[in-house]
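Chemist: The lines below spell out each chain.
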Amino acid sequence: MNLVKSYGGVRAVDDVSFVVDKGELISLIGPNGSGKTTLIDLISGFIKPDSGKIFFMKSLINNLEPFKRATYIGRTFQVTKVFQGMTVLENLLAVVKNKQRATELLELVGLTELSAEYASNLSGGQQKLLEFARVLMLNPQLILMDEPFAGVTPSMIDRLLEVINTLNRQGVTFMIVEHNMNLALRLCRRCIVLNCGKIIADEPASLIPSNYRVIEAYLGE
Amino acid sequence: MRLDIKAYVYILFFTTLFIVPVLTNSHLILNILIMVFFYAYLSLAWNILAGFAGQYSLGHAAYLGIGAYTTALLYVRTGMIPWLGLLVGAALAALFALGISYPTFRFGIKGYYYILTTLAVAEILRRIFLYWDLTGRADGVRYPLKPDSFLLFQFHMDRTPYYYIMLVFLILILFISYIIRNSQFGLHLLAIRDDEDAAQSIRINTLKCKLIAAAISAALTAVAGAFYAQYTLFIEPDTTMSLFISIDILLPSLMGGTGTIAGPLIGSFLLTPLAWIFRIAYGAEVLHMIIRGVALMIIVALIPKGIAGTVIDYYIRPRHIKR
Chain G
1 MNLVKSYGGV RAVDDVSFVV DKGELISLIG PNGSGKTTLI DLISGFIKPD
51 SGKIFFMKSL INNLEPFKRA TYIGRTFQVT KVFQGMTVLE NLLAVVKNKQ
101 RATELLELVG LTELSAEYAS NLSGGQQKLL EFARVLMLNP QLILMDEPFA
151 GVTPSMIDRL LEVINTLNRQ GVTFMIVEHN MNLALRLCRR CIVLNCGKII
201 ADEPASLIPS NYRVIEAYLG E
Chain Y
1 MRLDIKAYVY ILFFTTLFIV PVLTNSHLIL NILIMVFFYA YLSLAWNILA
51 GFAGQYSLGH AAYLGIGAYT TALLYVRTGM IPWLGLLVGA ALAALFALGI
101 SYPTFRFGIK GYYYILTTLA VAEILRRIFL YWDLTGRADG VRYPLKPDSF
151 LLFQFHMDRT PYYYIMLVFL ILILFISYII RNSQFGLHLL AIRDDEDAAQ
201 SIRINTLKCK LIAAAISAAL TAVAGAFYAQ YTLFIEPDTT MSLFISIDIL
251 LPSLMGGTGT IAGPLIGSFL LTPLAWIFRI AYGAEVLHMI IRGVALMIIV
301 ALIPKGIAGT VIDYYIRPRH IKR
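Just so you know, the protein sequences line up as chains G and Y, in that order. If you read the first sequence in the working numbering, its first letter stands for residue 1, the second for the next number, and so on. If you read the second sequence in the working numbering, its first letter stands for residue 1, the second for the next number, and so on.
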């Protein structure tokens, strides 16, 4: 609620307030530098807000460190952060030592054959998939994904969309930062649009293409 | 139990080392091998914090000094047997490591800044020991000579007992490193090393893990300090706690492969005898220092991941898709 985060004189997030209900599938879109990643960092605890409050399940979590928030909130990063010096399987086992679950998740994202491979040997798209599988190891209630489809092959994107939809139907809440508006609108029911750190639209995805403020933010006046 | 080829190599290697004193009683060979084990051990202890957790320290000589001085002072002043002094020294070193690591890790000091912090702390401690009456100032601490005794950890006639003690210490730290590397805690340390933010995002309490790694690394280093005090029966700040000792501790690991278990062992077997041979042959400390410098340059320029790290990269890592 009323989140503000500034860097020097720039307000990266400017008085942003919104509520996410359990089981929602929300896309967070906006032009470059609109504050999407900063917002994800604020929610997951990697940066602290200058002011404003963040609640999760009615509890104030402003002072919770990121590793404590990770009990409920999983996230991926814009620049993929897999553990390069570990194998694909170890990347998942680092979360919980549950080999059966790790194997199932690798199967889910299509990385089974690469389980003994060092993560540093994977392509950018494969690393995105591995990072997603790692988040799923946490069994979080809310998953924040920062550009999860960048560098992923079209067939794998379809598979990822399917996995996200399946998990969402099972009650997992998603908030997805996506540059590709078509993809975002195809995936999500609700869309929050940021521009210059402010929310300029928060409405059903179907209404976004005809929203004049969104078009203006993307294409200019 | 099925053993892989690595386990057989280790068993063969250490069996050979166990029978060396049977084959030769040369003081020179035994002394050199003791120093090889000593630096391999120290480098493995350093490797737990630097290689596994990614927190490079240039102040491990401080922990070595704490172990050496605690054992020596407790024996000389209170008569406490060195084996107990060794445990007290390890505990003190762990506490000291927690004391300096908590504020540094808590406030996000990492990378070059952490290296400089550890260097500064070790240097301050060396200076304190140099001017403190309790630690014998620059004169250090000299042991009263006693008859050969395992309990008193003193052997004058023969170096063999020191050889076996250090060899057992080395095997123990290899075992500890193996256990850590293959545990959930070990995976957490590797995760922190690779990316601290990502580690936090998967519920890892990075501060706690780094503190535990620092405490274990310091305690194990102090054990070697206690051994060093008993081995030389004389300690003083410059030979126990100087920056050069800290560099000697990390060199085998850098050469052999930081973050690997075999790396520090390989590095020490290559570097320590070379340095000693030059020291003995030419009697000049400066040559020994040149070797350190040249070794460091070669490692950084040619094999930044060390010997074991390079072998793993090129021969062991699966390469289905490596371009």
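Rather than coming from a laboratory, the hints here were simulated on the basis of the structure. Note that CB positions come from ideal geometry on N, CA and C, so glycine has one too. Mixed in with the good hints there might be a few duds.
Quick look at which bits of chain G chain Y covers, simulated, 3 or more residues with Cβ under 8 Å [as the list claims (entries may be wrong)]:
(1) 74-84
(2) 88-96
(3) 134-141
(4) 173-185
Quick list of in silico lysine-lysine cross-link-like pairs, DSS-like style, CA-CA up to 27 Å [said to hold, decoys possible]:
(5) G:LYS68 - Y:LYS6
(6) Y:LYS6 - G:LYS97
(7) Y:LYS110 - Y:LYS305
(8) G:LYS97 - G:LYS198
(9) Y:LYS110 - G:LYS48
(10) G:LYS68 - Y:LYS110
(11) G:LYS97 - Y:LYS208
(12) G:LYS81 - Y:LYS305
(13) G:LYS58 - G:LYS68
(14) Y:LYS6 - G:LYS81
(15) G:LYS68 - G:LYS48
(16) G:LYS22 - G:LYS198
(17) G:LYS48 - Y:LYS208
(18) G:LYS22 - G:LYS68
Chemist: Give a verdict on every hint.
Modeler: Evaluated hints:
1. 74-84: Coverage by chain Y holds for the region 74-84 of chain G (7 residues, Cβ < 8 Å).
2. 88-96: holds (count 4)
3. 134-141: holds (count 4)
4. 173-185: violated (count 0)
5. G:LYS68 - Y:LYS6: 39 Å, violated
6. Y:LYS6 - G:LYS97: 24 Å, holds
7. Y:LYS110 - Y:LYS305: Given pair Y:LYS110, Y:LYS305 holds - Cα atoms ~20 Å apart, limit 27 Å.
8. G:LYS97 - G:LYS198: It is violated: about 41 Å lies between the C-alpha atoms, which goes past 27 Å.
9. Y:LYS110 - G:LYS48: 20 Å, holds
10. G:LYS68 - Y:LYS110: 22 Å, holds
11. G:LYS97 - Y:LYS208: Within the cut-off at roughly 19 Å; holds.
12. G:LYS81 - Y:LYS305: 21 Å, holds
13. G:LYS58 - G:LYS68: 16 Å, holds
14. Y:LYS6 - G:LYS81: 31 Å, violated
15. G:LYS68 - G:LYS48: Holds, at about 14 Å.
16. G:LYS22 - G:LYS198: At roughly 23 Å apart (the allowed maximum being 27 Å), G:LYS198 and G:LYS22 satisfy the hint.
17. G:LYS48 - Y:LYS208: Status holds; Cα separation ~21 Å.
18. G:LYS22 - G:LYS68: Holds: G:LYS22 and G:LYS68 sit about 20 Å apart, inside 27 Å.
In terms of the numbered hints stated before, the structure departs from hints 4, 5, 8 and 14, listed from lowest to highest.
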